[in-house]
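Novice: Here is how the chains run, residue by residue.
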Amino acid sequence: MKKIPLIIDCDPGHDDAIALLIALASDKFDLKGITTVGGNQTVEKTTSNALKILELVGRTDVPVVSGRSNPMMSKLRVAEDVHGASGMDGPVLPEPKTLPLNMNVVDFIAEQVQLSEDPFVLVAVGPFTNIGTFLLAYPHLHHKIEKIHVMGGGIYEGNRTQLAEFNVWNDPESAKVVTDSKIPVHFFGLDVTHKALIRQDEFHLFRDEKGPIFQFVADLLDFYSICYVNERKLEGCPMHDSCAVASLIDPNMFNGYDAFIDIDIEGSRTRGSCIVDIRPIERRMGQNNGVFYMNVDRLKFLRLIIESCQKLEQDLKN
Amino acid sequence: MRKHIVIDCDPGIDDAIALLMAFASDKLNIVGLTTVFGNNSVELTTKNALILNDTFNLKTNVYKGAAKALYMPNKKFGDFHGKNGMGNVEFAYPVSKENEEYAWDAIYREAKKYNGELTVVTLGPVTNIAIALFKYEDLHLYIKEIIMMAGTTTVGNERPFSEANVVSDPHAMQVVLNSGIPLTMIGLNATETTRMTEEEHDLILDKKEDILPEVRGMLRHYKNIQNTLGSPGMVIHDAAAIFAVIDPESAVSEVFNVEVELTNNAMFGRTIVDIRRHSRLPKNCRVVERIDKDNYLKTLKETLAWKGNQ
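Protein sequences, first through last, are from chains A and B.
At position 244 of the first sequence (counting the first as 1) the number is 244 in our numbering, and the numbers step up by one without a gap.
At position 245 of the second sequence (counting the first as 1) the number is 245 in our numbering, and the numbers step up by one without a gap.
Next up, chain A with everything else stripped away, as it sits in the complex (with noise of 0.2 angstroms):
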C-alpha cells in the first residue's frame, strides 16, 4: 500500500507528544518533517520538545524545522497553564542532541510538498500561523494537497473563550487562510475531542507497562490531568491532537458533519470560533469545503494509543 506523505505541524505539548507517538508507529505515513510553531508554548521550547521526543523513540532520522514564533497579527499567548513551563511538563528527558533542520519552515513545506508524487497531507495541531504562511507564500502548490486535517476550534464548545478553542483564538487570520484556501480541511474540534478521552481509571495501562515510551506517556498524562481532571473537571485526559493523525490511519473511528467551515476573525464575542454551517439545505448545496467531526469511537481510540506504544517499544529493542 501506498504510503501518505505527510508533514506534522505542531507545538508540543503533552497532546502534541502522543500524537507524535502515533505517527511515528504507524507504517501508513511517509513522514516527511515536523514543523513547530509558538502555540503552547514559545516555539523555542516546542522545538526542543519535538526533538527531545524523536531522540526518545530513536527516530532522528526526521527532520524538525523551527516555525514562526508569533500570530499572524497579534503576540503568542501561550498555555503554560495546560502544559507547564517547559511546554511539556512532567516526563524528564535528556537535553536533545539534535538540532533543527536550519532552513525556513514555509520553504522546507513548499519543496516537500513539491517533490512528492502523491497528493500531500497536512496535519495541523498548533496555531495554524505556518500553515497558513505557507497557503499564502505558496499559491501554485494548493492544488498538490490532498487534504488539512486540523486540531482547532469547535462548534458549540471553546476552552479560551466561551466559543473559541486555544489554537484558532491564537491566530484565527491564519486559520482563515486554510480554510479560505478550498482545500478539503478536516477539523477535530473540542467537540470530539473531549470525547477522545483517556480517562483517569485508564492510566495504569501506561503506568504498569514497563518500557520508556509507556513511562513517558504515564508521565505525561499525570502532569496533564492536573489541569483537565483537577481544574476542568473531566474525567481523563482529551488526546486533541492525536485525533488529527488517528482518523487517518483508521478514517471510520470518527464521524461528523460534511460542511461549509469559516472562521470568525471579528466578532465582539466571537472572534476565533468555527462558523460551521450544518443547516440542513446548506450542506447539500456543495459548499462544502471539509468535514467536522463530532463523535469518536473511544475504546478503538484507545486501543491505537497502546498499539502505537507497543509498536515504538518493541522497534527500540530491535
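Derived from the structure by calculation, the hints contain no laboratory data.
Glycine included, each C-beta is placed from N, C-alpha and C at the ideal position.
A hint or two may mislead.
Said to hold, decoys possible - Footprint (simulated), chain B over chain A, 3 or more residues, beta carbon under 8 angstroms: (1) 167 to 177; (2) 252 to 260.
Unchecked claim - Think about it this way: if two alpha-carbon atoms lie no more than 27 angstroms apart in a straight line, the pair counts; the simulated DSS-like pairs of lysine-lysine are: (3) 75/A with 97/B; (4) 112/B with 97/B; (5) 75/A with 68/B; (6) 283/B with 147/A.
As the list claims (entries may be wrong) - Label pairs and their calculated CB-CB ranges: (7) 250/A with 138/B: 38 to 44 angstroms; (8) 91/B with 141/A: 30 to 36 angstroms; (9) 107/A with 310/B: 38 to 44 angstroms; (10) 255/B with 250/A: 30 to 36 angstroms; (11) 314/A with 77/B: 57 to 63 angstroms; (12) 140/A with 265/B: 32 to 38 angstroms; (13) 317/A with 112/B: 45 to 51 angstroms.
Got chain A sorted already, so can you dock chain B onto it with the hints?
Specialist: Then chain B, alone, in the frame of chain A:
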C-alpha cells in the same frame, strides 16, 4: 547617493506615471518592481508592469505577488483605469517576462543584500509586504523604511473615510503598521495637495508636444474618469507619492499612531490617525500632510518629457 528602492505596484495609470517619474529620477536606484492585485487582477497588473518595462526600456526585474487579500475573497475589479488598466491605450504585448521568484521572496533577498539600506515603496494594497513579514520574521531588521501611498487622514475614496489601497486589504495594512519598521503614509489628504487645476493641467499636458502619445492617452482617460466623479482638474496619486520619495524635503509630515479599522462596517479600512496631543499610543507611522505642489509639478513636467532609457 541614490536611494535603493523596491516599488510594489498595481499599474494602473497613476502607477504608470509614478514609475516613469521614479525611473527618470537620478535620485533612485530601483532594484525591482513587485506587483499585486488592486486596481486590477495581479495577472493584468503584472502584464502592465512588463509593458512599461518594454515601452520605456526600464531594464528592471518584475516579481509577481499576491492575487488576493490575506483574508478576503477577491473583489470584482472595476474599470476605473480602463479595460486594460492603462486607460485603454494600446500597447504591444510585452516581450519581457516576470521573474520566477515571488514578490515576498525578492523583497527579502534584496533587503538582505542591501543590509538595512533598502526602502520599500508601495503604490497598491500592501499584501505582498504582509506576506513577506509573515514568511520572514527577521525582515524588519533589513528594511530601512516603507513608504506607502495608502490611507487618508480626511476623506476617503472607496468608502466615506477609507482609501482604496487600504480597503483592498486592511489586515495587511495593520500587519505593516505592527511591523516596527519605520513607516511613512502618503494618503489621499497629502496627494490631494498636488491636485492640478484645469489651467495647470492644460499648461502641462495639452499644449506640450513632446509628450508620448501613450502617456497623453492614459492621462486623458484618468482625468476624464476623475472629472466624472465630481472633482475638477487632476491628481495623480501614486506620482505624488513617488515625488515625496524622490524629494522628501518637499513633504511636510508628522509622526502619529496609526491603526486600521478591521471590523466590516462603514469604517472598514479607515486609517485611524491619532492626532490627540495627549495620546499615549506608540507613534508607529509618519503621516504626510502636504506636498510642495510647485516642486511636484516641475518634476512631473520632466517626467512627462522622459522617453525612457536609450
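Novice: Give a verdict on every hint.
Specialist: How the hints compare with the structure:
Against chain B, the stretch 167 to 177 of chain A contributes 3 residues with a C-beta closer than 8 angstroms to a partner C-beta. That satisfies the three-residue criterion, and the hint holds. Beta-carbon proximity to chain B at under 8 angstroms applies to 0 residues in the stretch 252 to 260 of chain A; the threshold of 3 is not reached and the given coverage is violated. Only pairs whose Cα atoms come within 27 angstroms are accepted, and residue 75/A paired with residue 97/B is rejected, the gap being roughly 39 angstroms. Only pairs whose Cα atoms come within 27 angstroms are accepted, and residue 112/B paired with residue 97/B is accepted, the gap being roughly 24 angstroms.
With a C-alpha separation of about 25 angstroms, the suggested pairing of residue 75/A with residue 68/B holds against the 27 angstroms cut-off. Of the supplied pair hints, the one linking residue 283/B and residue 147/A is violated, its CA atoms being roughly 43 angstroms apart against a limit of 27 angstroms. A beta carbon spacing of about 42 angstroms between residue 250/A and residue 138/B agrees with the range 38 to 44 angstroms that was offered as a hint. Between residue 91/B and residue 141/A the beta carbons are some 32 angstroms apart, a value that agrees with the proposed interval 30 to 36 angstroms.
Between residue 107/A and residue 310/B, the C-beta spacing of about 39 angstroms keeps the proposed range 38 to 44 angstroms intact. For the pair residue 255/B and residue 250/A, the supplied restraint of 30 to 36 angstroms is violated, since their beta-carbon distance comes to about 59 angstroms. Evaluation of the 57 to 63 angstroms hint for residue 314/A and residue 77/B yields a pass: the beta carbon distance comes to about 60 angstroms. Taken as a hint, the range 32 to 38 angstroms holds for the pair residue 140/A and residue 265/B, whose Cβ atoms sit roughly 35 angstroms apart.
The supplied range of 45 to 51 angstroms is met by residue 317/A and residue 112/B, whose beta-carbon atoms lie about 48 angstroms from each other.
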